[in-house]
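Here the protein sequences come in this chain order: U and C.
Take 0 as the starting number for the first sequence in numbering that gives the first Met the number 0 and just add one per residue.
Take 0 as the starting number for the second sequence in numbering that gives the first Met the number 0 and just add one per residue.
No lab work stands behind these hints: they were computed from the structure.
Be aware that a few hints might be false.
To be verified - Sample of chain C residues at the chain U side, in silico, Cβ under 7 Å:
no. : residue
1   : A118
2   : R198
3   : T273
As the list claims (entries may be wrong) - Here are the simulated EDC-like pairs of lysine to aspartate or glutamate, each with C-alpha atoms no more than 16 Å apart in a straight line:
no. : chain 1 : residue 1 : chain 2 : residue 2
4   : C       : K52       : U       : D62
5   : C       : K50       : U       : D22
6   : U       : K136      : U       : E156
7   : U       : K136      : U       : D66
8   : U       : K55       : U       : D86
9   : C       : K161      : C       : D76
What the hints assert, rightly or not - Pairwise CB distance ranges, derived in the manner of DEER restraints:
no. : chain 1 : residue 1 : chain 2 : residue 2 : range
10  : C       : H19       : U       : T20       : 56 to 62 Å
11  : U       : G26       : C       : G22       : 22 to 28 Å
12  : U       : E122      : C       : A29       : 45 to 51 Å
Ideal Cβ placement from N, Cα and C applies to all residues, glycine included.
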Amino acid sequence: MISTAGLTKRYGTVTAVSELTVDIPAGITGLIGANGAGKSTLIKMLLGLLTPTSGKAQVLGHDIGTDGVSIRERVGYMPEHDCLPPDMSATEFVVHMARMSGLPRAAARERTADTLRHVGLYEERYRPIGGYSTGMKQRVKLAQALVHDPQLIFLDEPTNGLDPSGRDEMLGLIRRIGTEFGISVLVSSHLLGELERTCDHVVVIDGGQLLRASSTAEITAKGAVLVVEVTERGEEVATALRMAGLEAVASDDTLQVGLIDDSTYDAVISAVTRLDVGLVRLERPRHRMAELFATPAGGA
Amino acid sequence: MSTPATPPRGGVIHDLGFRHYDGPRAGSRAIAQALYFDTLRGAFGLGRTMKSKIMPGILFFAMVFPAVVVTIVVGVDNRFDLPVDYNEYLLTTSALTSLFIAGAAPASVSRDLRFRVVALYFSRPLQRVEYVLAKYLALASALFLMMAIPLIVMYAGALLAKLSVGSQTPNFTRALGGAAVTALLVAGIAVTIAAMTPRRGIGVAAIIVSLIVLAGVAGTVSQVGLENGARSTAAYGQLISPYTLAAGIEHAVFGGPNQADVPPPGAGGGLVFTLVAIAVLVACLGVLMARYRKVSI
């Protein structure tokens, strides 16, 4: 789908993307990095809109330097920032954008109706966009990227500004785009946690450099940990869990328990009940960039 | 209905599912054409909200209504000529056409910058040059229609009032030519100004002020030149405003009646006027291209 070789972009003395060499297969790929890691710069270079300082890249078999138009015909792009005129309705706007992707008028209308339904905009699609909530605006932005049936879409921080339920819906939608619709997705985010359940692959960049590129399963299978905090006797709880065949390490009353599957939760609950201690916290910690640093590919 | 191109997984029954599109896809040239027509319609508020139809509607009425009155006067009075010549009509209505373009250009250009819709255009096959040309030509065409329609009304009315085709047609076609030159120049200036600011209000004000100031300066220079006997200063002062510049070309190059106090002197004068007009257009397009090359998305 996408392959880059030594891709570099410098703005004056600032290096936004540095010597990036990565192959991204078909499917849903998460592009993870902190703010300013170079995610947006990379996406704009892949769209053929920014000229790289050095290096090469291909998208769908087209060179980004010489064949940007062919790439832009076959991809969709949802920018991170606002890009919607408030005085148009979602329908009018998406029809217009479909026309701007080269669809004939009738097809543009038909596909707009379909696409808006798929992203979950119904009656409100006839109202001006200016009155929409952030979640609805994100759906319109997504719809305009999908309406011309691209082979690949770039979604730049699509969950930005959404509340938790809106976030889950957006992630569900992205999952559907990749699986049901059969469109490859490159989705950027600064949270690995939110993408690990959605993506088939992840590419992690930091300071413009590639930290890691692997399948999501590889990252999450290893080192899935449950953090358990109890009110007292942490060491005893750990021992009980080890007896039950789990890996458990206690430091004071906080335990790290190796997560196997859902039965691990039951084992923890029954252990604390049996020992009659209070359970304060039971959660899966979010991966942070630092952890990915500390655990290179294949590490535990 | 057509079957979904990707079969539903695991035997789940979906509604229509996502349908893929295998139909024709237009190239960037045809996309630019679609943008041209959309912008042209938008300049008159067509396909836009009710609110954005009001100003163009009023101005269109104000442009056409006097033309209708003129033709009625000819018919009722049994005159042998029009009380106002075609190109004179263009000059006397220049305030209205200025208002029209001052409303239309920012609504179309500043708006895309302000709400960053340009990011969506430029992430599609459309090239930046094509975007700029489509927007510019559409607004110039809208302005041309605004001027040409009253002229056509006058021409039709004159013929209905039994004025001879031979007496009307030459000046009518010359005035259409003058309207085209005026539209290209005035729209060029207006779109360039509108592209400088994402704020629509500022764009509107800046365009009105620029066109009024240019017309004022042109008038003053010509008047001062005339009073001091500097006839060539008076003639070339007309270069300053796009309206009088176009009128000068219409007279000196197309052979229409003179509307200035002092016409462009001789063939050389016509050449100077033409070269200045071309220079203005090249400068506007150059500035626009430079501006849009730098627009980040």
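Okay, the hints, checked on the actual structure:
| no. | hint | verdict |
| --- | --- | --- |
| 1 | A118 | 5 Å, holds |
| 2 | R198 | 15 Å, violated |
| 3 | T273 | 36 Å, violated |
| 4 | C:K52 x U:D62 | 45 Å, violated |
| 5 | C:K50 x U:D22 | 51 Å, violated |
| 6 | U:K136 x U:E156 | 13 Å, holds |
| 7 | U:K136 x U:D66 | 31 Å, violated |
| 8 | U:K55 x U:D86 | 40 Å, violated |
| 9 | C:K161 x C:D76 | 12 Å, holds |
| 10 | C:H19 x U:T20: 56 to 62 Å | 32 Å, violated |
| 11 | U:G26 x C:G22: 22 to 28 Å | 26 Å, holds |
| 12 | U:E122 x C:A29: 45 to 51 Å | 33 Å, violated |
Violated hints for the displayed structure, listed by number in ascending order: 2, 3, 4, 5, 7, 8, 10 and 12.
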